[in-house]
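Enquirer: Listed below, chain by chain, are the residues.
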Amino acid sequence: MTMPLYVPPEQIIKDRADFAKRGVARGRPAVVLSTADGVLLAAANTSRALRKLSEIYDRMAFAAVGKWSEFEALRVAGIRYADLRGYSYDRTDVTARGLAGAYAQTIAAAFTGDPKPLEVELAVAEVGASQVSDAVFHVRFDGSVSDELPWAVLGGATPAGRQALAEGWRPGLSLAQAGSLARLALAEGAFSGNGEGRAGGAAAAGGDDGYEVGLLVRASSGRAFARLGSLP
Amino acid sequence: MSRAPDGLPATYFGPGNSFVEFLGRAAPGARWPFAGATGATGVIGAAGAAGATGAVGPTGAGAPGAPPTATTIVALTYKDGLVMAGDRRATVGHQIASRDIEKVYPADAWTAIGLAGVAGLSIQLVRLFQLELEHYEKIEGIALSLSGKANRLAAIIAGQLELAMKGLVVVPLLGGWDGAAARIFAFDVTGGSYEERDYAAIGSGAVFAKGSLKKLHNPAASARTAIRTALTALIDAADDDAATAGVDQARDIYPVVARVDARGYSRVPDDELARALERRGEARRARP
Chain A
119 MTMPLYVPPE QIIKDRADFA KRGVARGRPA VVLSTADGVL LAAANTSRAL RKLSEIYDRM
179 AFAAVGKWSE FEALRVAGIR YADLRGYSYD RTDVTARGLA GAYAQTIAAA FTGDPKPLEV
239 ELAVAEVGAS QVSDAVFHVR FDGSVSDELP WAVLGGATPA GRQALAEGWR PGLSLAQAGS
299 LARLALAEGA FSGNGEGRAG GAAAAGGDDG YEVGLLVRAS SGRAFARLGS LP
Chain B
660 MSRAPDGLPA TYFGPGNSFV EFLGRAAPGA RWPFAGATGA TGVIGAAGAA GATGAVGPTG
720 AGAPGAPPTA TTIVALTYKD GLVMAGDRRA TVGHQIASRD IEKVYPADAW TAIGLAGVAG
780 LSIQLVRLFQ LELEHYEKIE GIALSLSGKA NRLAAIIAGQ LELAMKGLVV VPLLGGWDGA
840 AARIFAFDVT GGSYEERDYA AIGSGAVFAK GSLKKLHNPA ASARTAIRTA LTALIDAADD
900 DAATAGVDQA RDIYPVVARV DARGYSRVPD DELARALERR GEARRARP
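Residue numbers (this note's numbering), protein chains in the order written: chain A, 119 to 350; chain B, 660 to 947.
Chain B on its own, in the form it takes in the complex (with noise of 0.2 Å):
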């Protein structure tokens, strides 16, 4: 069917409706975990075998040319969806690399991701993902099921094991809207795909977070409580892990929080995160 120099290859054509499969198959060299994953040629296997250390954790020496790495996410439930919010730093080694990066993102329209991990990494990740996902949907004609888009993520993420095995570690959380309840997933390095009942955390500064959400976490809570609650395990996780930052008002930047419900994937607005924050702030200051 595909001879014409200009035609459609003939990779195009045959069965299958995964894009990360067709990547492979049409774009060798574009595939992912990426050419750096068997060879340590590519930039990022280079890089990542320099400073493997760095990547590794905030904690390990910075080693220069080491990529940056992000932190700390929190998912949970409420009564009507689940919100899931991330803070905006980036490090590399002890410096800050970014102040403004994003670490949550629309998976598709009723599905949030999150990430923590080598924040290059992570930002080819969320594209593969969300491309993973349309992909399936335009050639079926349906979206894939909740646990569909789980067993996917998994899959891709196990597809880089060996990276991780580098110390190029990137590990997703994600949170979805199936029809009747929102649902939290997380991942290991090794593609374990586990349900989370109520609340989860991931990153650097997830244990203090997880602490902080013990605690706090109603999940017959409003959206509004979801949020504020949310902010306050990324706030508490902040007060102890140097790789996450709280919310920077100074500069107007605040963590990214998302909600999934029933009309599917929304964030929310700064304004709307500011009022959360004041009638937080207050009590805080009362008992921090």
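This is chain A alone, in the form it adopts within the complex (with noise of 0.2 Å):
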């Protein structure tokens, strides 16, 4: 006759968190910032049809890292959200804090209850009037949410990449300084993934760089999200 094995809770957590932790960190990573014209997103991303950035709502955008399927199916369940809401009350009434949250209880719910924890990180950002309210919520694979900065950086990007962005971060960026600090962030983790979206040596990319880029526009009044064909 056998026992079950004894597991205590504490390994469980930590088990699935280093699942979770492994397969965010095997993408190539992803950074949102809000600069002085917008919140820029970029990613490095050589597929031109698998997209890690989309439009969200009229201000918001998100961005994501990880396993494609998953944070595919948080894209559209999110647009759904946004779209749902704007219809039932304003546009006026849909937030990227409330979209956070609910991405947050759903990666959290499936971080303890799922046979599977996502493999995903994901932010949702919103470009306000001026940039002191414009707004990035960083979701981690455990549902944990932070909104302090008004940067993130996603994915397996390498501590000097973190650094430089950490470091080169302030209020009022340039478009292009704030294209130059993303790529510093991007470039440097760009190769370290194994695998995820590698394209067998073809130059097809997001962009004609490599990255993906999109800009919520601060000046727009409708739908404020652009995508750009390369970094500024």
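Hints were generated in silico from the structure; no laboratory data involved. These figures come from a predicted structure and were not determined experimentally. The beta-carbon is built from N, C-alpha and C at its ideal position, and this holds for glycine as well. Do not take every clue at face value.
Unchecked claim - To be clear about the criterion: a stretch of chain B counts as covered by chain A if any three or more of its residues have a C-beta under 8 Å from a C-beta of chain A, and this derived list gives those stretches:
| id | stretch |
| --- | --- |
| 1 | 672-685 |
| 2 | 785-793 |
Stated by the list, open to error - Some chain A residues judged to face chain B by a derived CB distance under 7 Å, without partners named:
| id | residue |
| --- | --- |
| 3 | E173 |
| 4 | V194 |
| 5 | A195 |
| 6 | I197 |
| 7 | T224 |
| 8 | A227 |
Stated by the list, open to error - Negatives, chain B to chain A, calculated, CB over 12 Å:
| id | residue |
| --- | --- |
| 9 | A813 |
| 10 | K825 |
| 11 | G851 |
| 12 | N877 |
From these two lone chains plus the hints, build me the complex, please.
Expert: Written out as structure tokens, the structure reads:
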């Protein structure tokens, strides 16, 4: 007769966290940062079809790394959440905070309850009327959320890349300055990944330079999200 | 993926790129064509039951409680695009419910939609259709083709057939740029979608507007001429149809005139309409 093996809950959580972290770290990184002209989103992405950045609503966008199938489902659910809310109430009643909360709950529930935690890390960005009202909600694999920083680095960026952004970001960055900062944060980690999105040496890329780039344009009156061909 | 109380409900996951279908799944109470369609328990259904005859046409008796109806939209092509124009009147029976209602809207950056029929349903339909196109574009990362938009709209219209049979009719007119040319689509209440050559008109004044367009429309004309032709058609409709307003210059209320061309949707500003009407007015005084 065999006894079921006792595994302490700390160990279960740690194993799940390690599993999810490894999955996320395999993903090539993405950055989101607030600039004077709007919120810049950029991801190292060699695929044209499988996107990591997306428009969510008028002044909201989404960036994610990890398992594409998982964050794509979350992205679509986020668009549905925003559109239904805006349809039921008013377009001004759709907020990034609400969506980030819903994502956090969903990801947290999967982290503890599902057969396998979601291997995703995502950010919900919202551009405000001025830079102080920009918001970047950073949701991690376990459902923890933070919005203290006006920027976020997702996925397998190197410590040096993260540091570059932490030290280089300041209010009032121009788009060009933010672009070179994003390049620093992404480039060093860009080739540390193993496998995800690798396009067999083909030059195909999210943009011409291997980055998928989006901008929530502050001055825009309606739908503010625009895709850029390359990092500014 | 979603057992958390405040997480995203399970209905938010799964395939599909249609907002209308998602709405039916996720919020059955809010689905098109709304609660009144099947049970006649909703506000819209109840009003329809009371005022069905009044709602059908401006000639019917204006039963108390009948919803306002909006009429007469014209669309015509010109050399580089199309013009869509709608008058500003809404009526309940023989009374004017609104002098400044808008019936022509951008459906997206490349498409104009105009609506005739029950005003409340029209406004709901525009919101829903705008969102349907935006929703698809966001999920798929690319906009629907113009034919795809027309087919989606036809399906949405077909969804409210039951309401239409109760007298709560709403009929759209769609005009858009398909990347190479401007095209016009008309619809009937059963969801039939008909691509129109050159011009189309819907609403109670449509017969008179079409007569006007038949004589005046020139597919090779300039945008300026097309705008003048559209205004003339509305004025001709207003001349013979009590439910259609012409131009209310005393109040500075002009028809809504939209242009769709290679640069997308744009609304023609009122001062441009005023200038077009001045030129037209002189000719009109000579020969009404």
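Enquirer: Against the earlier hints, flag every one the structure doesn't satisfy and list their numbers going up.
Expert: No numbers; nothing is violated.
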